[in-house]
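Asker: Listed here are the chains, written in short residue letters.
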Amino acid sequence: MGGTLSATGDAAAVKTRLAELTRKFVARTGDDVAQMREALARLDAGQGGDNGGALAQIHQLAHRACGTGGTLGLCAFSDAAADLEHLIEAYPAGASLSVADRARMAAVIEAIAAQLALL
Amino acid sequence: MNRKSPVLEPLTTEESAITQIQPVLVTIAPRVLLVDDDEIVVERLRDLIAAAGFEVATASNGAEALVELKRQFAPIVILDRNMPGMDGLELTRAIRDDPQFPGYVYIMLCTAHDSEDEILTGLKAGADDYLSKRVSGTQLLARLATARRILSLEHSLKLVIEERRRMAMTDSLTGAHNRRYFMNHMRRELKRARRLGGGLSLLVCDIDHFKHINDRQGHAAGDDVLVEFVRRVQESLPREYDWCARMGGEEFAIVLPQTPLAGAATVAEKIRRAVAAAPMATSAGSVEVTVSVGVTSLSVLTDPGAATAEQLLRRADDCLYTSKNHGRDRVTLDGAPTPNTATGKALKSLLYVDDDADIREIVQMSLSLDGDIKVLTSDGGERALLKMRVEQPDLVVLDVMMPGMDGPTLLKRMRSDPELARIPVIFMTAKASSSETGRLRELSAIGVIAKPFDPMTLGKQVRALWGAH
Numbered sequence: 004m005g006g007t008l009s010a011t012g013d014a015a016a017v018k019t020r021l022a023e024l025t026r027k028f029v030a031r032t033g034d035d036v037a038q039m040r041e042a043l044a045r046l047d048a049g050q051g052g053d054n055g056g057a058l059a060q061i062h063q064l065a066h067r068a069c070g071t072g073g074t075l076g077l078c079a080f081s082d083a084a085a086d087l088e089h090l091i092e093a094y095p096a097g098a099s100l101s102v103a104d105r106a107r108m109a110a111v112i113e114a115i116a117a118q119l120a121l122l
Numbered sequence: 024m025n026r027k028s029p030v031l032e033p034l035t036t037e038e039s040a041i042t043q044i045q046p047v048l049v050t051i052a053p054r055v056l057l058v059d060d061d062e063i064v065v066e067r068l069r070d071l072i073a074a075a076g077f078e079v080a081t082a083s084n085g086a087e088a089l090v091e092l093k094r095q096f097a098p099i100v101i102l103d104r105n106m107p108g109m110d111g112l113e114l115t116r117a118i119r120d121d122p123q124f125p126g127y128v129y130i131m132l133c134t135a136h137d138s139e140d141e142i143l144t145g146l147k148a149g150a151d152d153y154l155s156k157r158v159s160g161t162q163l164l165a166r167l168a169t170a171r172r173i174l175s176l177e178h179s180l181k182l183v184i185e186e187r188r189r190m191a192m193t194d195s196l197t198g199a200h201n202r203r204y205f206m207n208h209m210r211r212e213l214k215r216a217r218r219l220g221g222g223l224s225l226l227v228c229d230i231d232h233f234k235h236i237n238d239r240q241g242h243a244a245g246d247d248v249l250v251e252f253v254r255r256v257q258e259s260l261p262r263e264y265d266w267c268a269r270m271g272g273e274e275f276a277i278v279l280p281q282t283p284l285a286g287a288a289t290v291a292e293k294i295r296r297a298v299a300a301a302p303m304a305t306s307a308g309s310v311e312v313t314v315s316v317g318v319t320s321l322s323v324l325t326d327p328g329a330a331t332a333e334q335l336l337r338r339a340d341d342c343l344y345t346s347k348n349h350g351r352d353r354v355t356l357d358g359a360p361t362p363n364t365a366t367g368k369a370l371k372s373l374l375y376v377d378d379d380a381d382i383r384e385i386v387q388m389s390l391s392l393d394g395d396i397k398v399l400t401s402d403g404g405e406r407a408l409l410k411m412r413v414e415q416p417d418l419v420v421l422d423v424m425m426p427g428m429d430g431p432t433l434l435k436r437m438r439s440d441p442e443l444a445r446i447p448v449i450f451m452t453a454k455a456s457s458s459e460t461g462r463l464r465e466l467s468a469i470g471v472i473a474k475p476f477d478p479m480t481l482g483k484q485v486r487a488l489w490g491a492h
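If you read the protein sequences in the order shown, they are chains A and B.
One rule links them: number in the numbering used here = place in the first sequence (from 1) + 3.
One rule links them: number in the numbering used here = place in the second sequence (from 1) + 23.
Check the hints yourself; a few may be wrong.
Quick partial rundown of chain A residues pointing at chain B, CB under 8 Å, derived from the structure [as the list claims (entries may be wrong)]: (1) R20; (2) L21; (3) F28; (4) R67; (5) C69; (6) G70; (7) S81.
If you're looking for bench data, these hints aren't it; they were derived computationally from the structure.
Cβ atoms here follow ideal geometry from the backbone N, Cα and C, with glycine treated the same way.
Model the full structure from these sequences, guided by the hints.
Answerer: This is how it looks when you write it as structure tokens:
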């Protein structure tokens, strides 16, 4: 799996590795945000009641971004991702979203993107 | 109704010692298994935990984690609550439900959020601790230290329980198992023998004249003999699944799984010889020790399927009793037609009683031709009886015609003396008519040798009678 460290507790090495992992996370999350936007576009295209799993997909990406961001100590970013998770959880499963709902969701996704750009 | 409220008994010293156990800190940092489907999370946590000196294993989902845990145990598992496939809660329950793990698994459940609901379901599922993914590295390590402290406590409790169990099942003097262990484990051995076949044999050994050793050399020397006896027994048991238990006093039981009667007979004879081969060193000087053995085996029973530990013990005891009654230092097999044929005891010492000094000398010389028989002589009367008591010879050869106390009278005296009653006797007579020979045999002699005898073949004659009795 790589990335093994000596057991001597070299704090500097851990810090360097954290920076490495953060870069990796930022690159991956950039792709994730792109996927969120795509999924939201599918919702905008309006598939009626069934949202084609798009909501679930956005939720899962947001959940991972929130947890992993938290693990890496990126608190503001993690909070932004948590907002999106909570927003989606407020809808009952299979609910159709109003135009206003979708606009709110797009705004939260852009807030995540903005936090990501700061990293 | 008069109801008595329960009163707690005060703790005994031993019990309070248990309550004061200091956790023995597990010095080697325990292995930690990290389970998360996001490799970035796994890598970050591994960096932190490995840097603190823990050995870290990883898995990316619940099923993989279970496989890894079984492959190599990790007492601490940090797992993500949300994972595709088997999630953290399911994995927690799976670990708690599996009794096969060698120790307690300290489970730390990790999640992106820390809502009350999530914490409660996690703890209910069996997690020991609940971590938000946002927890700082410092806090994570502090919580790991808690896990380690609890595991250390578990470890020390286990050690104490193990030690107490061992003590409750062990004879403290000899280190052999004790009677309780025997009764517990004999049942298991019987079950296993029924399942696997291959037989199960039991030896019961009793050190000969142990009371004399205690009386003459003192109890400390007696203890030394018991310890040395067990050492020699264990040397004679090469297989690690054979075991020995001290049943009490100088009586021991030896259990030989997967062993038929014939194999057990060989082991019994090996033990008998190992004990008799060399004197035992004790605090009161060296002591010659012999042992009598009774051997039984499942295969001897008419219904081996219904055999009990008690039944086998009783049968082996009966055989032991036969060994004792036939002069000790011997092995008796259950179901054997005569006690001596299967594992005949060598004739090692003999007392020849005759009033004629010249004949005593000739007999001593001719029997000494055989080499390994220790030949003692006596001129008869009370002195002969005294010598028998002191020397406990394997065999007594009596001249029939002697002044004062003749051979038959001496034999009667022997048979009424519990210490001498079981020593076999051969008569030597100059009047070897068939009626005289018959009369002498009825006196419970094992044989009659005619005088004059052939000095070159006397040893052979004596051995033949000895072997046939």
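Asker: Provide an ascending list of the numbers of those earlier hints which the structure does not satisfy.
Answerer: none
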